[in-house]
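*Asks:* Below are the chains, spelled out letter by letter.
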Amino acid sequence: MRINERVLAIALLALSAFVIWQASSFPKLAGMTVGPGLFPTVLASALAIASILVLATSWKQTRATPLVTIDPDVRNRQSIIRAAAVFASCGLFAAFGKSLGFVIVGALSLGGLLLAFGLRWKLAAAITLILIITVDVFFVRVMRIPLPLGPLDFLGNWL
Amino acid sequence: MDPISASLAALGMLLQPKIILLMLVASVFGIFVGAMPGLTATMAIALLVPITFSLEPVAAFAVIVTSTAMAIFAGDIPGVLMRIPGTPASAAYTEEAYAMTRQGHGAFALGTCVTTSVIGGLFGTAVLMIAAPSIANFAVKFSSYEYLWLGLLGLTASIFVAGSSLLKSMIAMILGLLVGCIGIDVAVGHPRFTFGETALLDGVNFIPAMIGLFAFTEVLRFALKPNTHGGETHRADGPIFKGQGALLLKYRWNLLRGSSIGTFIGALPGAGADIAAWVTYGIGRRFSKEPEKFGTGHAEGLVDAGAANNAAISGAWIPALVFGIPGDSVTAIAIGILYMKGLTPSPMIFSTQAPLVYSIFWAFIIANLMMWPLAWVAIKSSGKILSTPRNVLMPIIFLFCMLGSYAINNSFFDVGVMLVFGIIGFVLEENDYPVAPVILGLVLGRMIEEHFMSSMMKASGNWLAFVDRPIAATLAICTLGVWSVFIWRGVKGLARTGSASTALSNS
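Sequences listed follow chains A and B, in order. Sequential numbering from 2 applies to the first sequence in my numbering. Sequential numbering from 24 applies to the second sequence in my numbering.
Extracted from the complex, chain B is given alone in its bound form:
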């Protein structure tokens, strides 16, 4: 099927009353979760997984795409009105936006957040629509060697962008990869680390693990510290969209820069909307003509990062669809859903499942266009949303965590998996180990092992075979180059620790 026919077929599949209604419901859900401090977009998607069971793939992905886009925008609402980011993706410019609110420009700040989110989201979608099929055409030639290096490069990139200590990110990722080893192995079908538990023969179910890592940890954290998200709530009075055109025209280059960098960062494995926002906020200040105004309620501070975080969520789908390598935590879940629906993310998906792929592109466009009116309603009713008592909400969320974990396989064992991963995630986060690399390791573990084993067998002991092909060699150079930087920084860190210790013992 040629791209235009596939695209039109996809649009036809998407513009069904049932799917549009589902997208509207998903929007309301996404806005609500995103606007509640402490609830993330990833958590929203993890809780939606059981709902997607009964849906056709097109409807399932439309729901996921819409909820994510809305949640990332809605995270700005409590950031602007309460100085508490609703999701981590809004944290970078919360101070800036709240400063505008204190000056009486809260509604205008929210208008800027919506407009930049829509433009950033549409830009990211355009890049996804152009880049993903082109990369897929190129990637058809890949053999197990290229996939192995690509997987390793993806994992390595995720360690570097996790925003934590490199060593701790690496440990978290290896833990995820080790969990991926549980179950029957890909080479000879030998059960590994199952300890006689038949429920583990197919491996650890990825969705309960994800719910545990991202949702259980939040509920437990709230149980221990319920007052973390308190604070005064301002009202968003005044016109929301008036004056946005002039602002965006003035900062058009910021908008373009934020959208481009956001899409690129989103496409990096493990780096999502939050990192995109931090990086672009920093770049925005660095290249601003008025850097001294940043942090004092300067609208320019919202443009780069506001566009970047929504652009990143589309960018994250590029490696997810083409290689099965998630660009962020949400696409990690989406890959899990693709597998559950019997679909394998690979370059071939663009020819075998073209209408489905194009329906994801269209879902992004429709979701971003729906954002304008829905965001207006959300901003106007923000007082009601933000006053939802969290001591009622959290137990309800927890019920859905347990139910969602059970419903994947109708197995109460998976509720236990959720609990175990929740505890692991809590301990890791409390000790500054990031949890996103765990998920990436878990998702990519099987794919990397499969290509590793098949490359080892093909190479028959000849290690040069791993870098014999030009693309494999290029990817190997990139991967080994990043590893060298990693080792160099590690050695430098050790040397610094050694000299500090010597100084301490001498004093």
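Pulled out of the complex, with its shape left as it was, chain A reads as follows:
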């Protein structure tokens, strides 16, 4: 997925402007001209100059280039499903990991991904079951890293 150089450069330029604007509101050290805004301002200024240079070098060359170019190899249903499953699995883990607990969310994330990656459901279920239990025991018992249990809290003594 290639984004037009000009579009990326303009986005980076906008980012530098935003950083400089935000940094201008940071307080200064008492009696000094420097403060928390100085370093981000220096960096954002350098980013702005670099973005302008990218813009200048790519302006003529990329005028005919589309805004986004997607590789023909990934323009198929399977690729889109697999990529969507990766995002969905991560979103599910981040959003519901605490409330539903690792065992449920981990199993849904891993099982869903394995199915999306083309495994038959029986194999996917077997791998998911073995791996989730192994990982849970390893993290909690061996490494002493607590993993949330969610509604399975009542199994705390076994897991």
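Since the hints were derived computationally from the structure, they do not count as laboratory data.
In silico DSS-like cross-links for lysine-lysine, where the CA-CA straight-line distance does not exceed 30 Å:
hint : chain 1 : residue 1 : chain 2 : residue 2
1    : B       : Lys407    : A       : Lys123
2    : A       : Lys99     : B       : Lys364
3    : A       : Lys29     : B       : Lys481
4    : B       : Lys265    : B       : Lys312
5    : B       : Lys273    : B       : Lys316
6    : A       : Lys123    : B       : Lys248
The hints should help you fit chain B onto chain A, whose structure is shown.
*Replies:* Chain B alone, transformed into the frame defined by chain A:
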């Protein structure tokens, strides 16, 4: 503690059955990850970080060192047998090695890769053991000015060696530095760019960011293009080590040259084993008596680069331990782990934590010696390793990415950080922006800002104070010299673009 006592104490700490067992497990893990095309040594280490939590510092670093050394060697296995480098560090000589395989010398090529890796790794370790304490003794005199210039020089070097467009490398590095600004600032404790999110007050957690940039991107890339790493797998039949002695004796100078240049490149911030291998392969061909044979399955082509990539991983620890400036992506993670364990990389670490530092040196020696027998087993079972279905492996790796990101702080917010950085890394790489400078910027940002602010306050508006001390002045000349080259090349590039555009519009 004197160096000999510290060294012996470190060896005693390392030669515990538990640590040796951990190193063996780490070796198997490193070999597996390194041998799987698409999985890098950096990814292996990023996934190991949560495991290192429960370990003592000595065991944690022994695991990291062993996995890295094994992964870099194991990257040669699919390169030789499938013509697909397992890690980027093997890419430089994959064609050469595969050509040997097609001639029926696959096992011999792998034997050369193992032997040169072991010798290169031991050479790099020897340099690390001698150079790091000497540089540390010298660096004790450094003030904030020297550290500031050194940090800037490190960042500048990383842009030059990133192997991409200078401008794009610089942008990637500034993005990393800007991300490093998120959180409470070092001067007055003011929250910056947190947007009211308390989880960001301590800054963006570096490990989830790293997992996102290096592991999530690979999983996403596989999801989009699963057939990228297909291909025919040859078998490594025949003796592996027979005839290696004669070969290495014949090419002893190549071995020495590859190891030395590899260690030096490894010590440069941002330049790791992959760049070391490319540079030394090129040098090997340039100075060979038979340059026409390169690319046709000529064993000499494996010697320089095979030694260089393993030498580079030890070299990378020199600036990491002495200055907290990572030599490559793996040492960037190692610095993060040092901080997590309450240790600060600095010249003082050689006196305050001498046994730990020496245990890292010993871990390199033991890992490299373990490589010979383990590599033999790995080569003999390469068929099984390479046939692991990636559509099973990638979802499992992804589960560990999420779990590893969570486990750093027991925070699901960090899983989101991993996701965001994964997307950023994917977009950057797809558009030819390298991601290694992002990590370097993120790791060095806080250190550079701290020294920048303290230098600004000490100087009180007198800019000459920044170059008042001899070492600071020398480092400043080097840094400004490299910047001048950068600007000159930029102006030349712009002029070329301008004339090309004029030619286009005239035609």
